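> The residues making up each chain are set out below.
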Amino acid sequence: MDTVFHSLHDFMLHTESITYILIIAALIGITGFWLFLSDSDEK
Amino acid sequence: MPEESATSGKNIFTPFNIVAGIILAVGGVLTILRFTGGLAAVTNLSDYNPWGIWIGFDLLVGVALAAGGYVTSAAVYIFGMKKYHAAVRPAILTGFLGYALVVLALHYDVGRPWRLPYPFIIQQGTTSLLFEVGACVALYLTVLFIEFTPAPLEWLGFKRARNIVVKLTMLLTIFGVILSTLHQSSLGALFLIAPSKLHPLWYSSYIPVYFFISSIIAGLSMVIFEGTLSHRFFKGKMDEEHLAEKDTIALGFGKAASLVLAGYFIIKVIGVAADNNWHYLGTGYGAWFLLELLGFVALPCFLYAVGVRDKNVKLIRWTAALTVIGIVLNRFNVSMIAFNYHLPSSERYFPHWMEIGISVFIVTVGLVVFRFIVTRMPILYEHPDYKGVH
Amino acid sequence: MSISRRRFLGWLGAAGLGTTLGTTARAATAKHFTGHPGAGGVLFDSTRCIGCRKCEAACNLVNELPLPDQPFDDLKILDKTRRTDAKTYTVVNRYDSNSSGSGPLYRKIQCNHCLEPACASACFVRAFRKTETGAVTYDASVCVGCRYCMIACPFEIPTYEYDKALTPRVQKCTLCYPRISKGMLPGCVESCPTEALTYGNRSELLRVARQRISRFPQRYVDHVYGENEMGGTSWLYLSAVPFREIGLREDLGVTPAPQLTKGALSAVPIVVGLWPVLLTGIYAISKRKDRISDAEKQQAVELAVTQAKTEAEEKLAAALDQAKQQKEKEIEMRIKKALEEAAKAQAEEAAEPETGEAGEPEAGETGEPEAGETGEPEAGESDKPEDEEGS
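Chains as they are written, first to last, in the working numbering: chain L, 239 to 281; chain D, 73 to 462; chain P, 2 to 392.
Just so you know, not all the hints are guaranteed correct.
[As the list claims (entries may be wrong)] Calculated cross-link-like contacts (lysine-lysine; reagent style DSSO-like; alpha-carbon spacing at most 27 Å):
1) K290/P to K239/D
2) K290/P to K155/D
3) K318/D to K290/P
4) K288/P to K239/D
5) K155/D to K298/P
[To be verified] With beta-carbon atoms standing in for the labels, derived distance ranges:
6) P69/P to A263/L: 47 to 57 Å
7) I266/L to T256/P: 28 to 38 Å
8) G102/P to W186/D: 52 to 62 Å
9) A264/L to V98/D: 23 to 33 Å
10) A263/L to A316/D: 41 to 51 Å
11) K386/D to R83/P: 28 to 38 Å
12) K290/P to I428/D: 28 to 38 Å
13) P224/D to R83/P: 54 to 64 Å
14) R232/D to I266/L: 23 to 33 Å
15) T168/P to A264/L: 50 to 60 Å
[As the list claims (entries may be wrong)] According to the in silico footprint, chain D covers these stretches of chain L (three or more CB under 8 Å from chain D):
16) 244 to 252
17) 255 to 269
In case anyone wonders, no lab produced these hints; they're calculated from the structure. The structure displayed is predicted, hence computed values, not measured ones. Note that beta-carbon positions come from the ideal geometry of N, C-alpha and C, so glycine has one too.
Required output: the full structure, derived from the provided sequences and hints.
Structure (structure tokens):
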């Protein structure tokens, strides 16, 4: 990505949009990972 | 209310029903005025003062006082304080109703309420803290709704669905705490972008932390406060567990609130030091700030402590009310009283009576719905089929 | 390539290595943005403004705004201080009390078209955009009407159509975006009879402004308002008096608006990332504590039960033993007695025989094993309250 950012605002729009996608992925991911991690405890 | 009388067979014209009926009727008229005449017809909002009590009270105070849901469920399910179990359902219910009413109030406040989903489905303004607040409030309302569903499901007798939801308790609680941390603090962070408008004593880079910590205080105090009111008006609906745990909850939550208030007091003072705002303390706004800090943070902190030491539940209850007033005062200060402090008094905001009318209307809707639910669903008592299964 | 290197350094900076790497890393992480290179702006020279309100009229005309009640050639309106509103994008105010000593001064108000617009940073639907022309534009088709832009704007520029029930919009100067993108001048600039307004490339305007200051140092305050205020604005101001005397705030600082919220926004992913770890950790600890205390309780209960049982058994055994011994003693005594009596009888022969006394102590002895039995229900009670706590 060779986007040129002329303003801090444009730069933050870019980074924050990616961050929000990562946040959603992280929330789903950590839930799944927790289930995977604690799977053996239940049995 | 008519439903209430239908089940109990009592007279419809109880004082509560008459007052609530009048408020709802007036609210209905104001609603029509708002959506036919625009904001100018019912509010004193201006180009200088775009946010009034619908944001200051309905949103900021509403969200802070609805914090009891996440605070209680975190205490019981995450920190394992099972002796407060009886407080969970009432707290979740008030939390859910609180957030639902916040969203309802926003429909009055924003210019085009049908576009409220736009930030998520049309165009995402991710640099805005309001985007974050909106996303978290929407998600948390959903979480609270799911957390609340066991009560109606037990009431309606849907055992299987109820058991599935109960299995999700831990996950929902953790999600609830994350989302609450984020949006409670972000409500304070909304004001970070306006350092030139908010008085320096209230503007601080710590303001997100202040809002988050004070939401914990608000949540704890509201649980005590609501417990008192519920005990007064719905005593017949309470089972032995609720009656027995009532004082335990007041003592435990009072102790926690006292401690958190102490921490809050410390970081507030550090905030003054961090921005070197000492000299403002001698001004009129400084006196007002000190009143908030000493009268509504330090004093309740001390009173809670005395109440807990002396096992004086009555004192704790009164302190809870004082603390809640303090939270309201803080949110009013940040959003209205200390906001636009630089403007001449002629340009300052004071709510129109119709704005207050809508706010009262929304609170009344909440009370009526709360009463409807509490008198029917297993909130203040455990459903006999699920007794002892926590 | 340069971006990826910059990113890599950014990661290093985030990992706390930035300080050790020194200035190279810092320069790469603390990015500096200078705006669109060709972006335009307007220079307002308050020493040239005569308060004729021609710019107001032109603005009203080119933006097709509703005509005001008082006509634009009525200068009496300058007696009161006005601000922009939903029907007025620009306003000229008169400032009588100023330190210039040469009569009233005038200042034009309109959107300053910040380089880092607070409104755009605050808008949660991206309705505001800093265009490549320098104009900050607004898109009413996505606007929800939250009015956070109005809270955010340090110049209090955006206004709202409060009286519209269904289609209220935020209203503000557009720098005549439709006109300047066609190569025309903004309406106000075109109409200004005294050249108090100059439209051009912002960096060019800055040069012009500095030139004027250096050429007439006694006429101007040595500051171009808008060069750095709130990170810089596309509108620039020159004045003969301190800027606060012509209604411009001097306490806004130079921090661009997005920078103000950057810290709070960056805390969000951290909370999302670490709270689950922290909370499940606390949960695991409290659960483990519960398990241990449960186990301890169970152990204690078991211990108490077995203790009570053995105690009871011991007591019972002791009682039985005692009873047995006593019985034996009694039998012995009886035998003794019988023997004695027999002996007596034998000795006296003629006397009557006496019995029955031995039956009484027997009844007293049977009471003792009963007392031993009451020990067992007691033990049973003692584990009951503990059971309740465990539930």
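> Between K155/D and K298/P, does the CA-CA distance stay at or below 27 Å?
17 Å, holds
> Is the hinted pair K288/P and K239/D satisfied, with a Cα-Cα distance of at most 27 Å?
16 Å, holds
> Establish whether the coverage given for the stretch 244 to 252 of chain L by chain D is satisfied; the threshold is a Cβ-Cβ distance below 8 Å, and no fewer than three residues must meet it.
holds (count 3)
> Could you check the hint for me, namely that A263/L and A316/D are 41 to 51 Å apart, CB to CB?
45 Å, holds
> Should the hint that K290/P and I428/D are 28 to 38 Å apart at their CB atoms be regarded as holding?
49 Å, violated
> Counting residues of the stretch 255 to 269 of chain L whose CB is closer than 8 Å to a CB in chain D, do you get three or more?
Per the Cβ count (5), the hint holds.
> Does K239/D sit within 27 Å of K290/P, going by the straight-line distance between their CA atoms?
The given pair, whose Cα atoms are some 21 Å apart, holds under the 27 Å limit.
> Range first: 28 to 38 Å. Now tell me if the beta carbons of I266/L and T256/P are that far apart.
36 Å, holds
> Do the alpha carbons of K290/P and K155/D lie within 27 Å of each other, as the hint requires?
Measuring from Cα to Cα gives roughly 15 Å; hence the hint holds.
> Run the distance test for K318/D versus K290/P: straight-line Cα separation, threshold 27 Å.
25 Å, holds
> Verify the CB-CB distance for R232/D and I266/L against the hinted window 23 to 33 Å.
25 Å Cβ-Cβ, so the 23 to 33 Å window holds.
> With respect to the beta-carbon atoms only, verify the hint that G102/P and W186/D lie 52 to 62 Å apart.
The hint (52 to 62 Å, Cβ to Cβ) holds, given that G102/P and W186/D are roughly 57 Å apart.
Checked against the numbered hints above, the structure breaks hints 9, 11, 12 and 15 and satisfies the rest.
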